[in-house]
Amino acid sequence: MSHARATPTVKMGLPIPNSKLGTWLFLGTEIMFFTAFIGTYIVLRLGSLAADGKPGWPTNPEDTHIRIWAGGLNTFVLILSSYFVVMAHEAMGARNFARARQFLQLTFVLACVFLGIKAYEYYGKFSHDVLPGHIAETDEQAIRKVLREMDAVVLGRLNEYLPAQARDAELTLPNKIDLAGKNEDVSDKEARRHAVELANEFINFKGHVLDNISFKIPLERPESIVVTKDGQQVRGFVPAAVPGADGKSVFKIQSADGKTIDVLEENVKELKAGAEAPPVTLAEVEDKLTEMREHEIKEEEEHEGYGSWLSSVHDPHPILYGNLFASTYFLMTGFHALHVIVGMVLFGIVLMQGARLHAGWRDYVENIGLYWHFVDLVWIFLFPLIYIIK
Amino acid sequence: MTDTHASHHANYFLVFVALFICTLMSIVFDVIHISNKAVLIVLVLGVATAKALFVMSYFMHLKFEGNWKFVLLAPTIILAIGLPMALLPDIGQHYYLYAAPQTQVQPQSHADVDEHDASSSYPPDQAPADHSQ
Chain A
327 MSHARATPTV KMGLPIPNSK LGTWLFLGTE IMFFTAFIGT YIVLRLGSLA
377 ADGKPGWPTN PEDTHIRIWA GGLNTFVLIL SSYFVVMAHE AMGARNFARA
427 RQFLQLTFVL ACVFLGIKAY EYYGKFSHDV LPGHIAETDE QAIRKVLREM
477 DAVVLGRLNE YLPAQARDAE LTLPNKIDLA GKNEDVSDKE ARRHAVELAN
527 EFINFKGHVL DNISFKIPLE RPESIVVTKD GQQVRGFVPA AVPGADGKSV
577 FKIQSADGKT IDVLEENVKE LKAGAEAPPV TLAEVEDKLT EMREHEIKEE
627 EEHEGYGSWL SSVHDPHPIL YGNLFASTYF LMTGFHALHV IVGMVLFGIV
677 LMQGARLHAG WRDYVENIGL YWHFVDLVWI FLFPLIYIIK
Chain B
46 MTDTHASHHA NYFLVFVALF ICTLMSIVFD VIHISNKAVL IVLVLGVATA
96 KALFVMSYFM HLKFEGNWKF VLLAPTIILA IGLPMALLPD IGQHYYLYAA
146 PQTQVQPQSH ADVDEHDASS SYPPDQAPAD HSQ
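These protein sequences, in sequence, are chains A and B. Just so you know, we're using my numbering here: the first sequence kicks off at 327 and counts up by one. Just so you know, we're using my numbering here: the second sequence kicks off at 46 and counts up by one.
Where hints are given, some of them may not hold.
Mimicking BS3-like on lysine-lysine, the simulated pairs with C-alpha atoms at most 25 Å apart in a straight line are [claimed, not checked]:
| no. | chain 1 | residue 1 | chain 2 | residue 2 |
| --- | --- | --- | --- | --- |
| 1 | A | K542 | A | K555 |
| 2 | B | K108 | A | K346 |
| 3 | B | K82 | A | K716 |
| 4 | B | K82 | A | K346 |
| 5 | A | K542 | A | K444 |
| 6 | A | K716 | A | K380 |
| 7 | A | K595 | A | K585 |
| 8 | A | K471 | A | K542 |
| 9 | A | K380 | B | K82 |
| 10 | A | K574 | A | K542 |
| 11 | A | K471 | A | K614 |
| 12 | A | K614 | A | K624 |
Bear in mind the hints are in silico, worked out from the structure with no lab data behind them.
Assemble the whole structure, with the sequences as input and the hints as a guide.
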């Protein structure tokens, strides 16, 4: 082969610019990247069964805060922006750079709209705490979450009335209540009374929940069952045995209807300590939370400035497989949104050229167009998989 | 502008209209509440596939590209399908006894909970007896 005979028309490799080949290779890796997420989402979703063997994946919009109109609108926004990108590429080919810029500007604006709607959706998830690792999946988890959030609220409220050195000290809640009550530097004593009341009510609340005793039974009187040797059962509050008239020790059991039943200690076979007391239920915890909130609002009306602290406690709402749902949702839509942001940067680079845009940018516009269409493609599949299939 | 390029000119607006109609169809399928889930899945994924084909064929010009598109995209698509397929028997299908802890919740007795509380980390700064004060 002679250099003299080299013909410039013969070109090795593919009949496309190298940058376009590079873009397509990159998109090839992107296909695998997103199908890994989408594929695992489908597999996990298929694998998440409820106790009855039926699909257990959360699909109720009340649970998931998935809004079909938001997803549909975003689909429309993306296909319109894809259309604008392709028109921008056409305009670049026709050397109409001003028109190309206009289309790219419209695409950029639509990308912002997409992210705006996405942000609205994310806000709904954050405000309802539909976040990976935050979601209670059973009643017990939901009850404990209420307790944990209330604990933070009560401590925050109480800290305002604690001496500075006691705020970060590792003290128990009753100790802190005590210290706050005695603190002479507090100017608003009425507000402190409110905070201490809230804290005491919370301690009572927590006592019930941790003992898993229904709120219907007063905490200091957990119901017990005394089983006698002849097989009888006596239900009621059982104080410590006391010496009876004849010197033998006696349990004076106070039954729920106010009677006192004496049982000789020597006749007792077994003492079930509250084991038969009805356990606290999620509905009870919800009612109690509502009651405490209402009380707080009433106090706030009477004495402005207390603030509605308990409004930051989320309503207990267990969602089976909610954490898996939230993880996959945020992983897929989050990476998609990141791709949208990268696309905006790529569009921004062209738009920054302003009137200097020239034919040399044609391949660049084609390549970012390909990328943008791919971002659109991903959303085309995310939309039915996340928003529609229930 | 070359002649070969001119042949790429599809009517992009028509493609956009087709995509728009497909999106509306997806939403209609959701709104009319198709009770048979399998039918719904086939319909919406069918529509999504149609949309994807429109975008790839016309917006991404794949319809007009040379055969290199097959060489370049086939391996990635095989690998992309391979991953879910490999995971499916393990997690997505239950040929073994299924036991997710969330679904196995039994009503607990009082004693069980007491025991659980004593060992639980909540609350970290407080012994369970504190509530009695």
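So, against the hints stated earlier in the document, which numbers end up violated here?
1, 4, 5 and 10
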